[in-house]
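In order, the protein sequence lines correspond to chains A and B.
Be aware that the first sequence starts at 0, since it is given in numbering that gives the first Met the number 0, and climbs by one per residue.
Be aware that the second sequence starts at 0, since it is given in numbering that gives the first Met the number 0, and climbs by one per residue.
Derived by calculation from the structure, the hints in this document are not laboratory data.
Take the hints with a grain of salt, since some may be wrong.
[As the list claims (entries may be wrong)] Cβ pair distances, simulated, as ranges: (1) B:Ala81 with A:Ala253: 57 to 63 Å; (2) A:Asp63 with B:Asp173: 25 to 31 Å; (3) A:Thr60 with B:Glu153: 39 to 45 Å; (4) B:Glu106 with A:Gly203: 30 to 36 Å; (5) A:Gly203 with B:Ala31: 32 to 38 Å; (6) B:Ser98 with A:Ala180: 24 to 30 Å; (7) B:Ser121 with A:Lys3: 57 to 63 Å; (8) B:Asp213 with A:Arg42: 49 to 55 Å; (9) B:Ser98 with A:Arg154: 46 to 52 Å; (10) A:Arg177 with B:Asp206: 33 to 39 Å; (11) B:Glu106 with A:Asp213: 21 to 27 Å.
[What the hints assert, rightly or not] One side only, chain A facing chain B, incomplete, derived with CB under 7 Å: (12) Val90; (13) Leu94; (14) Pro133; (15) Trp171; (16) Thr198; (17) Pro201; (18) Val204; (19) Ala215.
[To be verified] Coverage of chain B stretches by chain A, computed from C-beta distances (three or more under 8 Å per stretch; other residues unrestricted): (20) 121-134; (21) 164-177; (22) 199-206.
Source: prediction; values computed, not measured.
For each residue, glycine too, the CB sits at the ideal point set by N, CA and C.
Take a look at the letters that make up each chain.
Number of protein chains: 2
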Amino acid sequence: MTVKQLSMPELVDACLELAVPGVGLWREPVAAYGVRATAKLVRDAGLAVTTLCRGGFLTATDPDGRAAALDDNRRAVEEAAALGTDTLVLVCGGLPAGSRDLRGARERIADALAELGPYAESHGVRLAIEALHPMYAADRCVVSTLAQALDLAERFPAHQVGVTVDTYHVWWDDSAPRQIARAGAGGRIHAFQLADWTTPLPAGVLDGRGQIGDGAIDMREWKGYVDAAGYTGPIEVELFNEGLWARDGRQVLAETAARFAEHVNPHGSAVGGPGDAR
Amino acid sequence: MTVKQLSMPELVDACLELAVPGVGLWREPVAAYGVRATAKLVRDAGLAVTTLCRGGFLTATDPDGRAAALDDNRRAVEEAAALGTDTLVLVCGGLPAGSRDLRGARERIADALAELGPYAESHGVRLAIEALHPMYAADRCVVSTLAQALDLAERFPAHQVGVTVDTYHVWWDDSAPRQIARAGAGGRIHAFQLADWTTPLPAGVLDGRGQIGDGAIDMREWKGYVDAAGYTGPIEVELFNEGLWARDGRQVLAETAARFAEHVNPHGSAVGGPGDAR
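Same shape as in the complex, but just chain A (with noise of 0.2 Å):
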């Protein structure tokens, strides 16, 4: 997504050119360019797939909302396994229209990890439950902290349902880094993912995410959190930001690949050395 304004296929050339050993993919650009087309073409370039994203939107009340939402979470499963990947991030949706029950919207999310949980584990795949910025509390997603995503995540097991850790939805949360280690002591810290924090926001707040190093965020205290919680497995950088995708997208990627290396990694390769990708 941070470089969306990319094909498939120069994707996955910049990735080869600047040495980035593995991209997180959405389902909408692989479904444009097929999933069995995008999973020959990232396996040629032996080119990891971190994680898809994402799966989630799991608090209808109606049946017909609630049967068309599992559905298509166990197509999100099904493509996830088909790109090679043992993760799908979760984003779990947000109140419906008209309610103001943020409980219960929780507890429906909990009914269908119930489902999808053991449909993903029967295709090697974990949910990644992502808690998501209290800014988008009603209309995205109804788990605003990792305390939230753990509580839910915890009611299954860890190669079920674990969570998604990202900077620029939790880094103002000062339990934050002790419910990371939680996470981490229960295997349960399935995907890490990178923005910065910049302000003023945009309208709707969606495509505001800033480029590494350009916000609030301290980047190596929280790769500190997770390395400290045990976590070895890749780091995401996912921007949403509208001035980003206007650009050049090669170049926007090696920007992005510089930012992580003098931000996040300093003493590693350009983009992470061994363990930082699978």
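Using the hints, position chain B against chain A.
Positioned in the frame of chain A, the structure of chain B alone reads:
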């Protein structure tokens, strides 16, 4: 602020007409009308000043900036006392430019409160730390949860420092109800404010607070939490909303009183019975 399009005398008239028993004032319109003139106006009308907004912005690192902030907060305390309110709401401040140190900023707030608390007490004024929504953590307030606000407040006597509970800022937080209970047990709920959460958020996310009943927040639920915590003080409706500001202020105030009756206090009078204002 909900009806900032009204002049101070228009505001007082409109409150009397609607039997609104009290009003929370902001420093800028008070200064424009004059502190003494405002104090006389509301006193002669028999209208309570529920709180003064706002002090705060206590996170500067440079000595001049810190000294200026403390001076300004002492003036705010004096203004609150002159207006006859016992509560000064604090918006504590964001990160200084270029800083990524949330913890350090929070500690500087504590340092400032150690100076301002006794000064406020000597004027019969209590400081009320407002936990602001995490989307303001970088540029407005590094105190993002009631738990953090109470961690700060509890370093000082309750008659010096408490908290402001504002539904807009805390509604997403599943730990807020128990923090309200904690605040009530300590006699530290110094202000209670209502605004509804509506989406999409506007650019800059400052002026998108929804009219009561228009959004995702169950107002009665939150009133229940402060009631259960023993809170008997006033309930303020504080809406920053370009749409409301563009309308006739008296109409907006009447609508707000009606929404309050419908969504907050269905069995009381239009704007709350005895005990809802002091």
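The hints, checked one at a time:
The hinted range of 57 to 63 Å is satisfied by B:Ala81 and A:Ala253, whose Cβ atoms lie roughly 59 Å apart. Range check, A:Asp63 to B:Asp173: Cβ separation about 29 Å, and the 25 to 31 Å hint holds. Distance hint for A:Thr60 and B:Glu153: a CB-CB separation of about 40 Å, consistent with the stated range 39 to 45 Å. The hint said 30 to 36 Å for the Cβ distance between B:Glu106 and A:Gly203, and at roughly 34 Å that hint holds.
Between A:Gly203 and B:Ala31 the Cβ separation comes to about 33 Å, which falls inside the hinted range of 32 to 38 Å. Our hint of 24 to 30 Å for B:Ser98 and A:Ala180 holds, since their Cβ atoms are close to 25 Å apart. Checked against the given bound of 57 to 63 Å, the beta carbons of B:Ser121 and A:Lys3, roughly 59 Å apart, stay inside it. Roughly 50 Å separates the CB atoms of B:Asp213 and A:Arg42, a value that falls within the hinted 49 to 55 Å.
At about 39 Å, the CB distance of B:Ser98 to A:Arg154 disagrees with the hint of 46 to 52 Å. The hinted range of 33 to 39 Å is satisfied by A:Arg177 and B:Asp206, whose Cβ atoms lie roughly 35 Å apart. A hinted range of 21 to 27 Å holds for the C-beta pair B:Glu106 and A:Asp213, which are about 25 Å apart. The interface hint given for A:Val90 is broken, as the beta carbon of that residue sits about 15 Å from the closest beta carbon of chain B, more than 7 Å.
Checking A:Leu94 against chain B by beta carbon gives a least distance of about 6 Å; that is within 7 Å, so the hint holds. Restraint check, A:Pro133 versus chain B: the minimum CB separation of about 4 Å is within 7 Å; hint holds. For A:Trp171, the interface hint holds, since its Cβ comes within 7 Å of a Cβ in chain B; the closest pair sits about 4 Å apart. The closest approach between the C-beta of A:Thr198 and any C-beta of chain B is roughly 5 Å, which is under the 7 Å cut-off, so the hint is satisfied.
Restraint check, A:Pro201 versus chain B: the minimum CB separation of about 6 Å is within 7 Å; hint holds. Of the supplied interface hints, the one on A:Val204 holds, with its beta-carbon coming within about 5 Å of a beta-carbon of chain B, less than 7 Å. Restraint check, A:Ala215 versus chain B: the minimum CB separation of about 4 Å is within 7 Å; hint holds. For the segment 121-134 of chain B, the stated coverage by chain A is satisfied: 3 residues place a CB nearer than 8 Å to a CB of that chain, which reaches the threshold of 3.
Under a criterion of three residues with beta carbons nearer than 8 Å to beta carbons of chain A, the stated coverage of the segment 164-177 of chain B is upheld, 5 such residues being counted. A stretch counts as covered by a chain when three or more of its residues have a beta carbon under 8 Å from one of that chain; for the segment 199-206 of chain B and chain A the count is 6, and the coverage holds.
Hint compliance for this structure: hints 9 and 12 are broken, all remaining hints hold.
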